[in-house]
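Peer 1: Here are the chains, one letter per residue:
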Amino acid sequence: MASLIGFYSLIFGFCLSFFIIFFSIRNYKDSNNFDTKIISLTFLQLFFVIVSFFGLIFSFVTSDFSNETVFNHSHSTKPLFYKISGTWGNHEGSLLLWLLVLTLFIFLFLIRSKDQTKQYRVLTLLFQEIIIIGFFIFVIKTSSPFNYIFPVPDEGLGLNPILQDPALAIHPPILYLGYVGSSIIFSSTLSAVSLGYMSKGWASHIKQWILTSWIFLTLGILLGSIWAYYELGWGGFWFWDPVENVSLMPWLALTTLFHCVLVLEKKLILTSWVVVLSISTFALSMCGTFLVRSGILNSVHTFANDPERGLFILIFLFCLIFLSLFIFFFFHKPENKINYNFFLLSKETSILVNNWFMMYFLIVVLIGTIYPIFLEVISSQKISVGPPFYNKLIIPFLIPFLLAMALGPKLEWIKSKLENKIYLILFFVLSLFLSIFIIKILGTNFLFNTILITPAFYLFLITIRDFVSMKLKNLSQNIAHFGFSLLILSILFNNILSTETITNLKVGETFQAKNYKINFESIDQEERQNFQSFIAKFNIENSDGSIEILKPELRVYNQPNIITSEADIKTNLLRDKFITINVVQNQEYFNVRYQIKPLMIWIWLSVLLISLGGLTSLIKKKYEK
Amino acid sequence: MKNKVSSLISILLFVLIFFLFYKGLKNSNIYTPVTKIEKDIPFFETKIFDKNEDISSNEIFIDDNRFYLLNIWASWCVPCVDEHPFLLELTKQQNLNLIGLNYKDNDIKAEKFLNELGNPYSIILLDYDGTLAIEWGAYGVPETFLIKEKKIIKKIIGPINDDYLNEIKELIK
Amino acid sequence: MKLLKYLFLLFLIFNLSSLYAEEKNLKTEITKNLRCLVCQGQSVYDSDSEFADSIKILIDEKIKQGQDKQEIYQYLKDRYGQWILYEPEFSKNTYFLWIFPVFIFLIGGFLIFRLFIIKKN
Chain A
124 MASLIGFYSL IFGFCLSFFI IFFSIRNYKD SNNFDTKIIS LTFLQLFFVI
174 VSFFGLIFSF VTSDFSNETV FNHSHSTKPL FYKISGTWGN HEGSLLLWLL
224 VLTLFIFLFL IRSKDQTKQY RVLTLLFQEI IIIGFFIFVI KTSSPFNYIF
274 PVPDEGLGLN PILQDPALAI HPPILYLGYV GSSIIFSSTL SAVSLGYMSK
324 GWASHIKQWI LTSWIFLTLG ILLGSIWAYY ELGWGGFWFW DPVENVSLMP
374 WLALTTLFHC VLVLEKKLIL TSWVVVLSIS TFALSMCGTF LVRSGILNSV
424 HTFANDPERG LFILIFLFCL IFLSLFIFFF FHKPENKINY NFFLLSKETS
474 ILVNNWFMMY FLIVVLIGTI YPIFLEVISS QKISVGPPFY NKLIIPFLIP
524 FLLAMALGPK LEWIKSKLEN KIYLILFFVL SLFLSIFIIK ILGTNFLFNT
574 ILITPAFYLF LITIRDFVSM KLKNLSQNIA HFGFSLLILS ILFNNILSTE
624 TITNLKVGET FQAKNYKINF ESIDQEERQN FQSFIAKFNI ENSDGSIEIL
674 KPELRVYNQP NIITSEADIK TNLLRDKFIT INVVQNQEYF NVRYQIKPLM
724 IWIWLSVLLI SLGGLTSLIK KKYEK
Chain B
2 MKNKVSSLIS ILLFVLIFFL FYKGLKNSNI YTPVTKIEKD IPFFETKIFD
52 KNEDISSNEI FIDDNRFYLL NIWASWCVPC VDEHPFLLEL TKQQNLNLIG
102 LNYKDNDIKA EKFLNELGNP YSIILLDYDG TLAIEWGAYG VPETFLIKEK
152 KIIKKIIGPI NDDYLNEIKE LIK
Chain C
2 MKLLKYLFLL FLIFNLSSLY AEEKNLKTEI TKNLRCLVCQ GQSVYDSDSE
52 FADSIKILID EKIKQGQDKQ EIYQYLKDRY GQWILYEPEF SKNTYFLWIF
102 PVFIFLIGGF LIFRLFIIKK N
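Chains as they are written, first to last, in the numbering used here: chain A, 124 to 748; chain B, 2 to 174; chain C, 2 to 122.
Treat the hints with caution; some may be incorrect.
[To be verified] Quick look at which bits of chain A chain B covers, simulated, 3 or more residues with Cβ under 8 Å:
#1 311-318
#2 438-450
#3 514-525
[Unchecked claim] Listing some non-contacts, in silico: residues in chain C with all C-beta distances to chain B over 12 Å:
#4 D47
#5 D54
#6 S55
#7 G67
#8 Y96
Bear in mind the hints are in silico, worked out from the structure with no lab data behind them. All figures in this text were calculated on a predicted structure; none of them were measured in a lab. Cβ coordinates follow ideal geometry from the N, Cα and C atoms, glycine included.
The shape of chain A in the complex, shown without the other chains (with noise of 0.2 Å):
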């Protein structure tokens, strides 16, 4: 009953779009003011894609096997956190979650943008119906979530146990947020190029979105490395995974827009990068969407292996980026270059210079995700493209990168006398003493990991000296910048710090590291609603006296049978302290892993520090209306 309600709430909301085009045409066309029966419309549509959301997410909840999604995907024995959260954890739910997003985003845009021309209101929604009618066919075409299969079975297939984790859960919903959101900025960018609109009011209104959009992009990846790191038992993070790169990509460009955007609020400059990546962002979200959902890459996170899908999304895709083409050579005019008084010791060229590096970070990341899919089909040979690659392009060039970044923000717009150089210099000089002073205490090699450390530490120290003296003003940008400091410096310690110890132990027995003594106590096994678990109890005894419980566990489902290992992590804001078991094959004796992670907590609160930034930015700027 919910999927058939689901089912038809989805045509009504598909068949919706054709009305608000036709009365968004005529409004446009017309000489009235902007025709409010459209915000209707767009609400009613937004209302239809939710009742079908709740439709899908009820008959997950009921374990209605009759729903071919539900049945692909649940279990009447899952908790209901993880049949609510199955609704998303399936291609063809995720799907609706894109509906949603889009129509959501769509119809919060018109009531906020009462200040905007109707022209470019309509206009906007115009681009933006496009998308969701593109999105509607493939959904009802494709890649239903109310397919109805007969004879209903008793039981589902299951869903993946490694999915049934609470970050994971919401991680979805809110890297959609963030990805899906910058639909919004696509076709709002394209509504003011074909209007000619762009200018430096239009910068401070779309602002709002692009750090909206922003905000949640940052918090889903944030999410996705937490539940890696939780979940997957290997202590990583990040992993340059593909799936991981797809999400990467249109931060690193909405972060880029994000900076053009505070240019082009103050002057009109830069609009062609600012169209530019307004499109790219999109453009890199729905590319992220067809490497993941079509099969071409092989990855933990891929979702359907089904070409005849990502067949659509490569054409719609493409539609789309011809379209933003057209647009963009036919309508844009670029600003007339006389403005152009760049200025070597100014705000814009600190900006010119941001850019430059961010897209070369950005080319590093898509030329390595993309380049083993294009040599496959010119020379049918296959190579892999992992971290070794990412690294070696990328840290090197983090150190100037870095030197901007506490530099660029202290040049004053136009032309700058770069005042106060003596405090620069003095914490260039101090950032260089204490990085050389800790590689001595730590014995490390001098490598690009450790020179990266000077660079980080200036950063860090420059946001403090600056909030202190500085107090509210640019508070945003040295909450975000002084996040990134942050992040860059728990990263580089955690890896230089970080130990391990691998061994086989069997039952009762120990294990004498260099500075702890690892003791297995016993292994017991417990009934879960739908798994068994095997939980063992280690205690470490370390060299100050101090000993500390650790209890892994071992998950031995039954629908699907897979074997999962849950770590063990005891989390202070020193460091984390990480154990996980195997199973080896007809062997007694188990697989530990027990490693020691210094500041891993200050990964995560970092890049919080940099969402809570991009609020603060938000926020002030409802402050200042």
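Model the placement of chains B and C on the given structure of chain A, informed by the hints.
Peer 2: Only chains B and C this time, still in chain A's reference frame:
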């Protein structure tokens, strides 16, 4: 003018990218490590199952007039149970020798497996730590290699089914 | 001027390949660079699968035999193809991969630099 040139270049570039993606879509995304056709079999030495003897590959693949089928299996491998009947079927082929490679297994459990399901192998080799399978370029179980004149002429990844069975029969005619 | 200094520094840094992090442990370095072929997106170092375990044993043996990194990589490449290595080798197949991003970086730098030359004139 400059605009027209860059627009043309952009369009061409994207058309190219589109085609590359399109073709990429057509290709399979499941990677099977390429075993060059007619690759030489590796040289190795290992123990024989059930006997405390060593044997070298020279002594196994001696007859160049016969075909050999090296099958990697384990008692803990579920698909191996499915493919076992097909292996037994293949023992009827006169010019084919089946050689088992017991992968990361326990002797007692392996024995039990063969007692329950039948033993199609003329000889079974041991690979306790899995390094011999790597020598062959395998990465999972079950995997099967068809060999003639000390060269690998076919590699099957996953359990043998009807289609593979017929293919093998064709190849060894 | 600052820009030139940056570019020069960059050029210098990029050439100092000895500054790239190398694992203290050869086995760790190799296994981190190997893809676990039966896992989805894990290195052999991180994985506990049967395949990964066997590879690690194999690498231990080969290191004991005195083989170096390249020999071990070649052994595995012969059997599994280039795909098993996470770091793409610098060969004619991958010139574009390694060089294009840096090339774009240099172009970008040049374009910005030009902005100031024009200004001066």
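Peer 1: So, against the hints stated earlier in the document, which numbers end up violated here?
Peer 2: 1, 3, 5 and 6
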